[in-house]
Amino acid sequence: MSSSAGSFPPDNPQSSPESRYAGQLRAFPWLLVAPTVILLIALTIFPLIYSLYMSLHNFTLGGAKTWIGLDNYRDLLSDRSFWRKTWFTLQITIFAVAIELVLGLLCALVLNKRLRGLGLLRMIVYIPMMLSPLVVAYFWRIMLDGSFGVFTWFAQELGFGKPQWTVDLTLAKASIVATDVWQWTPFVTLLMLAGLQAVHEAAELDKGTRWMTFRSITLPYLMTPILIAVLFRTIDTFKLFEAVYIITQGGPGDLTETLSLMAYTVGFEQSRIGMGAAISWFVVVVINVLATLLIMLMARSRRESVMMAEVGDDE
Amino acid sequence: MSAAIPANQVKHRGRRFVWYLPAILITAVFAFPLYWIGSMAFKPARIVQNYPPSFRFSPTLDNFRQVFDSTYPDAMRNSLIIAVGTAVFSVFCATLTAYGLSRHNFRRKDNLLFWILSLRMLPAVAVIVPYSRMVRWFDLQDTYAAMILVYSIFNISFSVWLLKGFFDEIPKEMEEAARIDGYGPWKVFTDVAVPLVIPGIATALVFSIIFSINEFLLAFVLTQREAVTAPVALTNVFITTFGVNWGGLSAAAMVLVAPVIVFAVLVRNHLLRGMSFGQLD
Amino acid sequence: MATVQLDHIRVDYDGKTVVHDVSFSVDDGEFAVLVGPSGSGKSTILRTITGYAPIDAGTVRIDGKDVTYAPVRERDIAMVFQNLALYPHLTVRQNWEFPLKAAKLPKAEQAKRVDDVARMLEMTPYLHRYPHQLSGGQKQRVAMGRALVRNPQLFLLDEPLGALDAKLRVEARSAFKTLQRDLGITTIYVTHDQIEAQALGTKIIVLNDGIVQQVGTPETIYDNPSNQFVAGLFGSPPMNLFDVDVSRDQGVLIAHRAEFSIALPPHLDIEGLGSGASTGAVLGVRPESLRLQARPGEDSIAATVFVVEPTGHQLIVDVKIQDLIVRVRADRGEEWIATLTPDEIVHVTFDRRRLFLFHRSSGDRVA
Amino acid sequence: MRPGHFVKAQATLNVLAPQWPQGPKEQALAAETFTPESGIAVNFEAVNYATLEQRVKLLVEGQSADYDIYDYDSQWLGGFVAAGALERLDTDQFLGNPDTTIQMDSFFPEITSRLVRYPNNEAAPSEDAPVYGVPWSLNAEALWWRNDLMDAAPATWEELRAKAQELTNDSMFGYAVQGGRDADWIISETNPIMWGNGGELWDQATYTAQGILNSDSNKDSLQFFVDMNLVDGSIDPASANWTINERLGALLTGKAAMCLNWAPLFGGVADDPNQSQVVGQIGYAPSPAGSVTTAAMIGCQGTGLNTLSEQKDAAWQYLEWWQSDETQTAMIEDIPSGFVSARTDLQSLATNPWQTVFFEMLPSLRDMWNIPEYAQLLQILQTELNLAYVGQKPPADALDDAALAQQVVLDGSPDNPANA
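Chains as they are written, first to last, in this note's numbering: chain A, 231 to 545; chain B, 136 to 416; chain C, 128 to 494; chain D, 156 to 575.
Please keep in mind that the hints were generated in silico from the structure rather than gathered at the bench.
Be aware that one or more of the hints could be misleading.
[Said to hold, decoys possible] Some chain A residues close to chain B (C-beta under 10 Å, calculated; not the full set): (1) Tyr283; (2) Thr296; (3) Trp297; (4) Ile298; (5) Leu300; (6) Tyr303; (7) Arg352; (8) Pro363.
[Stated by the list, open to error] Some chain B residues close to chain A (C-beta under 7 Å, calculated; not the full set): (9) Ala166; (10) Trp171; (11) Pro187; (12) Leu231; (13) Val264; (14) Val390; (15) Val392.
[Claimed, not checked] Which bits of chain D does chain A cover? Going by a derived footprint, with three or more residues having C-beta under 8 Å, they are: (16) 212-224; (17) 261-270; (18) 333-343.
Don't be surprised by glycine CBs; every beta carbon is placed ideally from N, CA and C.
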């Protein structure tokens with residue numbers, strides 16, 4: 231078992247140190263890792279340093295570039311609307327990822343059955359994530375239009391009047407989450423289905439303890455896919471841009487603006503790329519914290535699940 | 136134990152059919168927007184904003200004609216080349232790395248893994264300007280190579296994490312057996328470990344293709360003429376100043392997603408297997 | 128064929144010594160079994176021979192050649208793993224060709240060897256199947272075959288039968304023993320099952336806590352266990368062990384307990400125990416060295432029947448001498464024994480020639 | 156080119172333009188007449204309008220000479236000039252060259268000054284400021300109205316409001332609006348009312364927004380506009396998120412009776428049965444008048460030379476060709492492209508109703524900011540207007556907040572005279 235909470239996915243629990251005398255092997259892992267590390271260093275060090283450099287300047291696209299130290303960060307952190315947007319982004323992330331995880335898991339459990347025709351249904355369910363987020367956002371925009379959108383029509387037919395999906399603040403938030411959920415639940419489902427392949431049919435037998443079976447047999451197998459799904463959905467949702475930019479335009483007002491949209495409008499539409507970079511760095515810090523917390527949390531719950539699963543094993 | 140349980144399967148067959156209901160329901164929820172988006176491709180422009188929405192209309196192929204008459208097919212070819220290039224390159228690197236990280240304990244491994252992950256965290260806005268600079272230094276602006284390299288950075292992190300999970304599941308005895316059988320570490324990797332994570336590799340390839348075929352912001356900045364990608368062309372051709380050409384956009388989106396679906400169908404069996412190394416399997 | 132010799136092997140893991148100063152040798156063609164409970168270090172020792180466990184001290188020799196630091200693939204070892212470790216992406220034939228390809232054998236030779244092994248293991252009809260299409264016993268044979276196909280000089284097995292059910296286990300065990308004898312390959316076999324060890328081994332190495340407890344033939348191990356651990360490990364049901372106080376009374380050693388006292392035979396002699404002095408020890412007696420009588424006799428001790436377990440032609444009877452449970456193996460041939468029921472009074476006698484005495488502190492046998 | 160061969164240098168000009176309905180016509184004409192005459196090929200790249208400004212700035216940032224000609228929108232001018240994207244043209248090489256065929260005084264001065272001269276006071280355009288381009292496309296927001304439902308278009312905002320209420324019923328709203336927060340959607344709706352009632356966005360001479368943007372007059376104008384939505388209910392509430400796309404769609408599917416929309420650019424759309432369900436039922440009138448004056452939103456684009464271009468002479472040759480009689484005439488006559496020329500001598504050629512309405516509005520055309528900070532000012536105001544429009548904030552407060560925030564931007568501008 232991996233000893234540090236930071237290590238997740240955990241190391242192969244059976245792995246032991248390599249033979250120290252297998253001399254040729256000592257360099258082998260480094261040889262494997264080297265291409266990626268070299269590539270990443272070569273291609274990320276400069277952009278990272280440069281974007282940090284930009285964030286310390288009053289850096290405008292095609293304009294002035296004056297050193298202002300931490301002024302961008304100071305201005306940002308003292309801006310109330312920035313904190314409101316941070317909180318909004320966090321809200322969207324939490325809601326979307328939670329729903330995607332639960333829904334994705336449910337879909338996977340349903341679609342995991344070995345029944346004729348389910349393969350086709352699975353394939354259909356995967357399609358949303360294959361579409362360009364830009365295209366998805368545009369079409370959800372018209373489906374959610376409060377005047378002629380097809381969802382509006384459904385609501386009206388069901389007797390709810392004409393909901394203003396993208397104008398009413400609460401509905402606008404829900405619409406953004408719904409779009410993300412529609413597009414990315416399939417991602418979670420796919421990862422879960424892969425994880426579920428390891429769980430044997432035997433788990434279905436005992437009806438009385440279905441929940442226990444799920445907790446003690448199914449869930450442990452799913453911990454790695456769950457971590458990967460939650461981690462990457464959190465990272466990507468926290469950077470959510472297209473859906474907001476196109477569906478609500480950040481409106482009403484800027485009440486549904488995410489940090490990424492803010493970084494885009496400030497950095498690009500207003501050409502203040504230095505400030506845009508500062509916002510981006512803030513995003514990076516927040517995601518880092520979120521990711522670290524998630525990894526720690528999941529590492530712990532995985533250990534517990536694995537222990538549960540091992541109860542009864544002889545060794 | 137993986138031993139089949141045919142008796143139970145027979146007994147449960149009747150009951151298992153009830154799974155069709157939720158399965159179809161779920162699919163319907165995901166499929167309706169797909170249907171609606173797809174139907175736009177066949178709708179005449181004048182009725183797109185009708186209310187009540189038009190479910191019945193005489194379909195037109197004009198939108199597809201528009202797509203193929205525009206510069207879009209070139210952009211699609213570019214996108215496909217870049218996506219496949221990115222997928223192959225990044226998954227190749229990621230496979231090596233994930234295996235190295237999974238099989239060998241070296242110090243700072245967790246840091247390395249987290250660093251690789253953190254590359255995904257940077258919003259594109261922050262790196263667009265530095266990348267456009269770098270790409271110009273190396274005289275790679277508007278080339279496939281630049282796009283493949285840049286996209287690989289964003290894709291490698293996911294592939295490494297995903298594949299490490301798959302490699303972790305391989306029983307170590309499988310590889311010890313191969314070593315005892317007389318294979319060196321590289322052959323053990325290529326002949327035993329890699330075949331066992333084919334599902335993971337297929338999944339990583341699909342996600343990599345999905346990411347790079349759909350990415351907009353970086354492509355918008357780093358390409359302009361020769362290597363223009365499909366999403367950029369979409370906004371140039373179908374999202375016009377005075378409105379969205381819904382039919383064209385839908386037709387173009389369908390044309391773009393088709394190869395991804397085809398690829399996913401081709402590797403579908405691998406997408407659904409994986410992470411399954413029961414003790415005796 | 129080969130010999131294996133381990134000299135003073137020590138293995139540390141995470142700062143803890145898991146194998147202490149282990150030495151033993153296996154002769155050419157011998158079937159050696161490493162037996163011990165979970166965590167006794169038996170698998171680790173096996174892995175020092177394959178080259179997978181880092182050795183912190185000592186040497187491993189195969190055929191007299193020092194291979195302590197030799198790469199795995201140069202050792203010409205074949206191994207069967209507990210989880211079999213079949214390659215799931217290869218057919219049976221491909222699984223078997225896999226090591227032959229590494230040895231760069233000509234194609235024809237590869238095919239011939241695979242076919243030979245398939246005949247030997249009766250797997251010819253299954254050569255084109257994948258592992259997941261086979262039954263547990265067949266998979267086990269595939270694992271065996273993958274080792275055999277190489278004509279190895281040394282055959283290592285790590286609990287290879289662990290995953291099979293009881294019936295298959297017994298079949299596979301005897302099939303395997305025959306095979307090993309016919310081929311005469313030097314074999315080292317790891318198991319935690321003492322019955323398996325006894326059934327298979329020509330030499331048994333008993334391990335506990337990373338220390339070799341005893342090396343010997345199955346008979347030696349059973350009849351002359353070197354310590355309390357070995358004595359307790361072998362035998363089914365296991366040996367009865369009682370804490371006793373031993374004192375010397377007029378030159379005769381007597382083992383005392385609240386429930387009984389027994390005069391020990393002369394070969395059990397705790398040297399240096401003065402007359403009148405006493406010391407703690409552990410008295411061991413195998414269930415088959417106890418006898419039940421209906422009526423009290425010379426040296427018999429009264430007891431109550433507690434549990435009766437029939438096992439084929441014999442019975443295992445747990446009797447209580449006051450509150451002390453003693454396990455007795457009895458023949459069903461005597462009718463009164465066949466009809467024993469709980470709470471009946473019986474009388475127990477010890478076969479004094481077959482008593483074991485162990486030092487309480489060290490567990491070593493008093494010889 | 157193989158060495159030793161004497162051939163006429165075959166240049167290729169690269170033009171970066173917005174994806175505009177008139178673009179394909181320009182490209183076709185260039186291939187037909189310009190290239191054969193000059194031996195210069197033209198590669199015309201049309202990109203999404205919303206991304207064009209950023210693309211040019213990124214190209215400048217990368218010191219790119221990839222394009223020779225940039226087409227641009229009027230409000231980008233200050234930013235482009237500051238970035239050094241556009242070559243100054245009132246020099247001996249270009250406009251000052253006695254041989255040139257382009258004459259600045261042949262253009263309508265009201266538009267041209269706003270479009271190609273910088274720095275320039277929008278409220279009082281001068282004809283002396285430096286020139287950075289020539290007119291490319293001219294438009295303004297006219298009132299599009301259903302001539303089958305009304306006898307005449309409303310002439311004032313008060314009339315429009317009354318008419319809109321009258322026409323609103325279960326299946327139709329009286330008026331359609333692009334109320335969205337992005338780009339310049341909602342501003343294009345409110346500015347004509349504010350200007351018409353005598354309000355201003357700012358004082359360009361002193362860089363002041365505070366007290367001007369949030370004047371009582373502007374507050375009343377905004378209240379008037381918001382009330383049409385929230386009180387009268389004569390505008391679809393969904394319009395709070397609309398762009399030009401939905402606004403036009405509402406009109407063309409018969410769900411709205413009136414709206415502002417660009418003319419002449421969009422002229423043909425309403426009568427194209429492939430896109431419109433109200434063919435022949437749309438009239439074009441000038442933007443309504445306010446209590447003080449009439450103001451219409453300008454929507455004009457210019458075309459200029461990239462300062463980094465390595466073939467400026469050839470590019471200038473292209474602009475001369477563009478402003479030539481043949482080219483401009485051909486463009487005007489191409490009905491779907493919805494084109495009018497900036498050349499005063501060609502006005503009479505524009506005969507379609509959607510072309511003539513533009514010239515009716517010519518004296519009342521107004522533009523918003525075009526200084527480099529325009530996008531910041533725009534987004535501040537857009538956000539506040541949208542909040543007021545959906546009822547999240549009282550209009551007066553929204554304008555107060557916008558003025559306050561804009562003043563901070565203006566105070567920090569290096570071009571603010573106070574910072575000189």
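Exercise for review: Could you work out which earlier hints the structure fails to respect and list their numbers in ascending sequence?
Suggested key: 2, 3, 4, 5, 6, 14, 17
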